[in-house]
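I would like the entire structure built from these sequences, with the hints used as guidance.
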Amino acid sequence: MESFQGTLIANVIKILPHKNADDAQIIVDFVIREGVKKVSDLRHITIASLKTICDTVDASDLYEEWQAQYGKKNDSVPSTSRSREPLSERNSETPTARFTMPLFDKNSPFIPAGVRQAIDLKKRPSVRDRQCMVDRIVDHLKEKVPNLVRSDFDSVADNLVQLYPESFKDTLAVSRHGSDSLRSQFKVKFDNLNRKPTKSRDQTTSAPASYGCLQFNPACPEGETEQSLVRRRDNLKSLFDHGRRHWDWRRIKVEMEITFYLQRKNINGPVSVPKPSSRRRRPQPENEENEQSGDEQAADNRAMTVVELKTEWPCLFKAAGMNYHLKLLTGSDFILQLDTFLAEDGKFLVEYLASKGETQAATRRKMIRSETRGNMDAYLAALIKMLTEYFSEDEAALVSFVEDTTDIDEVDLNILPADKTPHLVIAGPSLFNVSRAYLSIDGVMVASCESLREGFGMLFSSYFMLGIRYPNSVACTLSYVQKAIANIAPERGTKCSSSLLQSRANTKAAKLHNNFAAFKDSLDEND
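Numbering of the sequence shown is given in my numbering, commencing with residue 22 and proceeding in unit increments.
In case anyone wonders, no lab produced these hints; they're calculated from the structure. In this text the structure is predicted, and so the values were computed from the model without any measurement. Watch out, some of these pointers could steer you wrong.
Unchecked claim - Restricting the straight-line Cα-Cα distance to at most 20 Å, the calculated cross-link-like pairs of lysine to aspartate or glutamate (EDC-like) are: (1) Lys210 / Asp179; (2) Lys163 / Asp126; (3) Lys165 / Asp82; (4) Lys377 / Asp191; (5) Lys387 / Asp354; (6) Lys368 / Asp76; (7) Lys504 / Glu164; (8) Lys40 / Glu372; (9) Lys274 / Asp255; (10) Lys208 / Asp173; (11) Lys529 / Asp160; (12) Lys541 / Asp76; (13) Lys127 / Asp82; (14) Lys529 / Asp366; (15) Lys532 / Asp425; (16) Lys143 / Asp191; (17) Lys127 / Asp440; (18) Lys387 / Glu416; (19) Lys504 / Asp160; (20) Lys541 / Asp366; (21) Lys72 / Asp82; (22) Lys35 / Glu410.
Quick look at the structure:
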């Protein structure tokens with residue numbers, strides 16, 4: 022018995038690493054009282070019963086893992102000990118045993134609050150709530166079930182119909198199982214996730230740098246020429262020769278919008294080489310003046326370096342200017358989106374992440390102390406640390422620290438990442454104590470910011486402004502920020518360096534999004 026209890030305790034701690042042995046023992050004693058006599062019996066334990074001894078998130082995590090490991094097998098496929106044999110030792114003509122398919126009830130964290138309410142009232146859920154349920158379940162099963170196929174969703178749909186016929190059973194006489202429509206809905210969602218994008222004959226291949234951009238290569242504005250835009254650029258540049266109190270951002274943004282075509286051309290360089298004219302011009306004398314004009318034209322057409330961009334477009338390396346460029350480029354006002362997210366969801370996301378481990382819980386306590394001292398960016402600092410910890414990524418790939426008296430020109434460039442991706446250098450001992458924030462791109466210090474909020478906004482925006490891929494060590498964190506906060510979520514393409522990393526980042530970001538949504542639903546139900 023002691024050995025069995027030890028196995029259960031190890032299982033609980035593996036799922037809930039923030040629990041100590043005493044906490045795990047309480048959970049184990051409870052499930053044994055509920056009738057668990059062997060490990061596979063854990064599949065019968067429900068979220069509702071677990072919530073009597075632990076919080077909603079822990080109960081959901083235990084239920085989810087136990088269903089994934091020990092849930093009922095599809096009745097159409099017999100369970101045999103041969104399913105545990107190596108594939109090479111099985112007869113190729115013997116049907117392969119399927120992976121255990123998790124089943125769901127109304128207490129599952131993947132069932133939206135609206136669907137639960139409809140089930141309790143014995144009514145049919147709204148179209149939106151039902152689709153939300155389907156999306157969450159399919160996303161979860163794609164992550165948990167290896168070699169998932171369309172037919173696997175039949176048992177999931179049938180189980181929901183059997184449990185809650187008033188809410189899900191088909192009313193048409195032509196439905197053979199009573200679950201045909203729900204089966205079809207699951208499969209359509211699954212097919213859409215697996216469908217590879219097709220390309221029409223006249224569709225051109227976009228550069229990876231254009232991912233998420235609405236105006237990657239805009240047209241020259243009507244009534245302007247490149248020469249007139251260069252003059253506007255020079256006038257705009259001269260505004261920054263004076264102190265910041267002389268910067269009129271209303272006027273600057275108007276000029277930035279007019280010159281946006283030239284900004285993108287200087288960043289992107291030539292997109293394509295024009296075909297030579299079929300008519301030859303008469304040869305011109307080769308003199309110094311012609312050679313000089315040719316050099317100037319070639320320089321105008323190439324992509325500028327970061328140092329050159331900062332010289333010619335100083336507005337792009339101010340927090341307000343880079344944020345406005347991102348808005349013109351992608352349609353996302355990131356600073357506004359960030360402020361809105363922190364105001365509406367920041368507190369809840371911190372609470373959710375704090376429940377996932379002692380490190381995150383300690384970060385939450387630091388955040389509370391920092392906020393008490395008047396730190397306006399305490400929640401942002403906590404989320405940066407907690408997201409990288411949650412995704413098991415490297416915070417040092419995003420941010421480094423120097424003495425709080427260090428000026429931007431005094432930063433030791435040796436502390437910057439070797440891949441020269443955008444990086445924040447904080448003048449201060451931690452994210453909760455920031456004197457200034459400096460941005461580096463391509464191994465060059467390019468911007469100084471008043472706050473962590475401004476610095477993080479520029480850090481994220483620079484990936485899109487300059488068409489830079491996310492570093493592997495923080496791809497999940499940046500992908501989550503992109504989709505959950507910036508609301509930049511195109512159907513095709515990626516900022517990750519490979520399709521494998523893209524799949525990993527998308528899966529992890531989707532899991533956090535779904536679990537966090539379920540966490541908020543549970544809070545709404547308790548209110």
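Quick rundown of the hints versus the structure:
no.	hint	verdict
1	Lys210 / Asp179	holds (17 Å)
2	Lys163 / Asp126	holds (18 Å)
3	Lys165 / Asp82	holds (13 Å)
4	Lys377 / Asp191	violated (39 Å)
5	Lys387 / Asp354	violated (29 Å)
6	Lys368 / Asp76	holds (18 Å)
7	Lys504 / Glu164	holds (19 Å)
8	Lys40 / Glu372	holds (16 Å)
9	Lys274 / Asp255	holds (15 Å)
10	Lys208 / Asp173	holds (9 Å)
11	Lys529 / Asp160	holds (10 Å)
12	Lys541 / Asp76	holds (13 Å)
13	Lys127 / Asp82	holds (15 Å)
14	Lys529 / Asp366	holds (19 Å)
15	Lys532 / Asp425	violated (37 Å)
16	Lys143 / Asp191	holds (14 Å)
17	Lys127 / Asp440	violated (47 Å)
18	Lys387 / Glu416	holds (17 Å)
19	Lys504 / Asp160	holds (16 Å)
20	Lys541 / Asp366	holds (9 Å)
21	Lys72 / Asp82	holds (11 Å)
22	Lys35 / Glu410	holds (17 Å)
Checked against the numbered hints above, the structure violates hints 4, 5, 15 and 17; every other hint is satisfied.
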